[in-house]
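Colleague: Protein sequences appear in the order of chains A and B.
Counting along the first sequence from 1, when you hit position 418 you're at 418 in the numbering used here, and nothing is skipped either side.
Counting along the second sequence from 1, when you hit position 56 you're at 56 in the numbering used here, and nothing is skipped either side.
Read the hints as simulated data drawn from the structure, not as lab findings.
Keep in mind that a hint or two might mislead.
With the Cβ distance kept under 10 angstroms, some of the chain B side facing chain A (calculated, not the full set) [to be verified]: (1) GLY159; (2) SER224; (3) GLN287.
Even glycine gets a Cβ: it sits at the ideal position worked out from N, Cα and C.
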Amino acid sequence: MKRKFVVAASMAMVATLALSACGGSSDDAAEEGGPVTLSMSGWSLATTPEFQVLADGYMAQNPDVKVELKEYDPVNYNTLLTADLAAGSGPDIIVQKEVKFVSTFQEGGQLVDVTDVELPDDIGGTEAYDIDGASYAVPYRQDSWVVFYNKALYDQAGVEYPDGSWTWDDFAETEEALAAGLEGTAAFGGYQHGWQSTVQGFANAQVPDADILSGDFGHLKEYYERVLKLQDDKAQVDFNTRNANQLTYQGEFGKQKAAMLTMGSWFVATLIAQQAAGEADDFDWGIAPAPQYDESTAGIDNVPVTFGDPTGLGINAAVTGAKLDAAKDFLAYAASEDAALSLAEIGITPALLNDTVVETYFELEGTPDDELTEFAVSTHKTLPENPTSSKTAAIQNILLDLHTAVMSGSEPIGSAIDAAEERFENEIGD
Amino acid sequence: MATTTATEVAAQPPVSPAPPAVSGKRRRSRLRRRNTLLGWSFILPNFLGFALLTLVPIVVLFYMSLTNWNVFGTANWVGFANFERLIGDGSFRISVLNTLYYSALHIPLTFVVALGLALLLNNKLRGVAFFRTAAFFPYITSIVAIAIVWNLLFSPDYGPINEILRFFGMENPPGWLTSSDWAMPAVVIVSTWRDMGYYMILFLAGLQTVPRELHEAARVDGASTIQRFFNVTLPSLRPTTFFVTVMLTINSFKIFDLILVMTEGGPGQSTLVISQFIYTKGFEESQFGYASAASVALFFMCIIVTVAQFLLNKKRSV
Numbered sequence: 001m002k003r004k005f006v007v008a009a010s011m012a013m014v015a016t017l018a019l020s021a022c023g024g025s026s027d028d029a030a031e032e033g034g035p036v037t038l039s040m041s042g043w044s045l046a047t048t049p050e051f052q053v054l055a056d057g058y059m060a061q062n063p064d065v066k067v068e069l070k071e072y073d074p075v076n077y078n079t080l081l082t083a084d085l086a087a088g089s090g091p092d093i094i095v096q097k098e099v100k101f102v103s104t105f106q107e108g109g110q111l112v113d114v115t116d117v118e119l120p121d122d123i124g125g126t127e128a129y130d131i132d133g134a135s136y137a138v139p140y141r142q143d144s145w146v147v148f149y150n151k152a153l154y155d156q157a158g159v160e161y162p163d164g165s166w167t168w169d170d171f172a173e174t175e176e177a178l179a180a181g182l183e184g185t186a187a188f189g190g191y192q193h194g195w196q197s198t199v200q201g202f203a204n205a206q207v208p209d210a211d212i213l214s215g216d217f218g219h220l221k222e223y224y225e226r227v228l229k230l231q232d233d234k235a236q237v238d239f240n241t242r243n244a245n246q247l248t249y250q251g252e253f254g255k256q257k258a259a260m261l262t263m264g265s266w267f268v269a270t271l272i273a274q275q276a277a278g279e280a281d282d283f284d285w286g287i288a289p290a291p292q293y294d295e296s297t298a299g300i301d302n303v304p305v306t307f308g309d310p311t312g313l314g315i316n317a318a319v320t321g322a323k324l325d326a327a328k329d330f331l332a333y334a335a336s337e338d339a340a341l342s343l344a345e346i347g348i349t350p351a352l353l354n355d356t357v358v359e360t361y362f363e364l365e366g367t368p369d370d371e372l373t374e375f376a377v378s379t380h381k382t383l384p385e386n387p388t389s390s391k392t393a394a395i396q397n398i399l400l401d402l403h404t405a406v407m408s409g410s411e412p413i414g415s416a417i418d419a420a421e422e423r424f425e426n427e428i429g430d
Numbered sequence: 001m002a003t004t005t006a007t008e009v010a011a012q013p014p015v016s017p018a019p020p021a022v023s024g025k026r027r028r029s030r031l032r033r034r035n036t037l038l039g040w041s042f043i044l045p046n047f048l049g050f051a052l053l054t055l056v057p058i059v060v061l062f063y064m065s066l067t068n069w070n071v072f073g074t075a076n077w078v079g080f081a082n083f084e085r086l087i088g089d090g091s092f093r094i095s096v097l098n099t100l101y102y103s104a105l106h107i108p109l110t111f112v113v114a115l116g117l118a119l120l121l122n123n124k125l126r127g128v129a130f131f132r133t134a135a136f137f138p139y140i141t142s143i144v145a146i147a148i149v150w151n152l153l154f155s156p157d158y159g160p161i162n163e164i165l166r167f168f169g170m171e172n173p174p175g176w177l178t179s180s181d182w183a184m185p186a187v188v189i190v191s192t193w194r195d196m197g198y199y200m201i202l203f204l205a206g207l208q209t210v211p212r213e214l215h216e217a218a219r220v221d222g223a224s225t226i227q228r229f230f231n232v233t234l235p236s237l238r239p240t241t242f243f244v245t246v247m248l249t250i251n252s253f254k255i256f257d258l259i260l261v262m263t264e265g266g267p268g269q270s271t272l273v274i275s276q277f278i279y280t281k282g283f284e285e286s287q288f289g290y291a292s293a294a295s296v297a298l299f300f301m302c303i304i305v306t307v308a309q310f311l312l313n314k315k316r317s318v
């Protein structure tokens with residue numbers, strides 16, 4: 001009996017110790033000048049090399065700092081990170097995968113104000129991390145939405161390559177022409193993925209004075225009408241078929257089932273890798289700038305307006321002392337030209353896009369080298385997909401319901417907008 | 001260790017034949033204490049898990065529903081503000097109505113299909129074990145796989161279901177998951193298909209307990225098959241039907257996984273159910289206080305309906 005008690009008691013102790021070891025993680029601030037270890041979050045490390053590239057680049061310049069990566073599941077990244085932060089065991093450097101979570105973390109007091117980190121002048125994407133005049137993260141990567149086009153299918157359809165002067169009406173006209181030229185083949189004129197951003201992202205960024213925080217969603221109307229017409233005319237796969245068959249944009253464009261694809265610039269690296277691996281067909285492709293709301297921003301003598309969210313780095317509010325200095329230094333490095341060059345080498349569009357960086361980007365094998373592609377990658381005014389606000393997540397969900405209702409054809413756009421505006425009044429308010 | 005103790009206990013008769021008065025009393029109280037401890041030790045592992053993973057979170061949930069907690073920082077007390085907001089929230093109202101709609105279709109349909117299957121497979125047919133297994137299969141299949149396959153089957157233009165309907169001359173077959181009118185019935189079809197095997201097993205177990213003599217007596221009295229079903233089988237099955245109805249109701253109110261993987265509440269809000277409303281508010285919009293309030297509302301809905309069913313059952317048994 002006694003022996004049983006001893007065993008039970010010691011097991012309970014072991015369990016308690018193990019549990020408490022799961023708790024607090026941040027080790028004590030390193031002593032001044034001593035070696036510092038920073039932990040940084042990341043996802044899919046095997047297929048997403050950018051975190052390791054940043055860590056290696058910084059460690060090469062700062063031998064007394066060690067940057068360790070902490071891997072998270074990409075799908076549940078923000079949920080898992082939230083749980084870790086709430087438990088006090090979050091990483092020191094927090095990669096901001098989605099801009100809409102920045103305000104959640106900031107309001108929860110989880111992020112350090114990093115306004116004092118020095119950034120290069122021409123870096124893009126900083127406004128996404130601006131809350132009440134202070135900065136809570138530093139962008140290192142900035143993707144922008146562009147049009148990918150398949151030159152072989154263009155030739156086959158007998159349609160001229162884009163020249164960078166498109167408005168959305170020109171784009172729709174071209175897609176119809178491509179569909180007509182490709183009739184009888186398995187290819188469509190274009191492919192539009194199911195995400196709400198494929199329609200709303202452009203509308204929110206391009207329509208003058210559009211602001212989803214105002215609760216006025218009328219600006220979405222003409223963007224939806226255009227897309228619905230393309231669906232009806234069978235110039236692109238319709239939303240319902242896309243959902244039922246779980247189509248992927250990589251497959252549709254990579255296997256030449258669509259002559260055009262509106263997508264973020266992250267797809268460049270994927271497409272090159274898939275062509276090299278034989279997962280995608282081998283064909284010539286190029287990139288055209290995003291079609292514009294009207295002619296005032298269209299053409300290669302203008303700066304086209306598009307959208308895209310940056311990916312940035314924030315610092316855990318629990319980090320202090322010498323560790324905080326090192327973390328800020330790391331953020332400054334991630335935004336620097338050195339880091340931008342190493343990111344460009346692996347096919348990622350850095351937040352800092354100067355001539356040297358663009359040149360490096362196009363040195364990557366498999367990248368198209370025509371002038372329009374270079375223009376599209378290097379010249380654009382990229383606005384955040386969503387404003388940084390605590391209301392953004394809820395508004396996005398309302399607009400997602402609008403998107404599925406309209407695109408599936410179960411509700412006309414006019415009444416869907418009215419319903420969304422009503423829900424805004426009811427659920428978001430002031 | 002437990003085995004030795006159990007054997008010891010079993011070896012000791014609960015009441016010794018003629019014990020000396022005092023020591024017998026002491027022994028009996030020691031025995032009772034020991035039995036109690038033994039009982040506790042048996043349920044302790046399960047209870048610990050339950051307390052740690054269910055009971056404590058539920059108690060915390062009630063507290064959180066009265067705060068504006070958003071994961072981080074302190075949870076500020078807001079009284080019943082979350083519940084007031086719920087009452088005025090149009091999306092929550094839609095989710096409640098959709099949940100009731102789902103339940104109204106799913107409960108009777110699954111009940112009838114599962115009972116029908118059980119009656120059919122209660123006969124001594126050749127290969128009955130195979131059919132029982134086949135009917136149970138959907139229940140143990142991965143929900144994500146189910147969703148992907150049914151999505152394909154329901155595809156409005158190219159899906160086999162609509163192909164068949166067109167073959168039989170229906171000109172405009174439903175849009176199923178793509179139509180706000182048909183999405184919920186489509187989900188109900190899939191969930192009935194998935195759940196029927198499980199409830200069939202429960203009914204099969206119930207059917208084994210129906211006394212054979214009653215059937216024979218009824219047959220001798222000249223009762224038809226249908227009369228025997230309604231007057232012998234169904235009344236004898238009451239404990240099972242009660243259990244099945246209660247479980248079906250609670251599970252229908254809690255429906256979440258199938259909706260999330262099949263429609264995500266869409267198109268629009270046509271299949272938004274309470275559990276998904278809670279998930280969206282909590283995990284997507286970080287309003288955990290508000291999501292907790294919605295969970296409490298769902299909890300009470302389940303409790304009220306279950307209590308009502310218990311009372312009804314009691315009244316009927318009397």
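Colleague: Any hints this thing doesn't respect? Which numbers, in order?
Modeller: Hint 2 alone not satisfied by this model.
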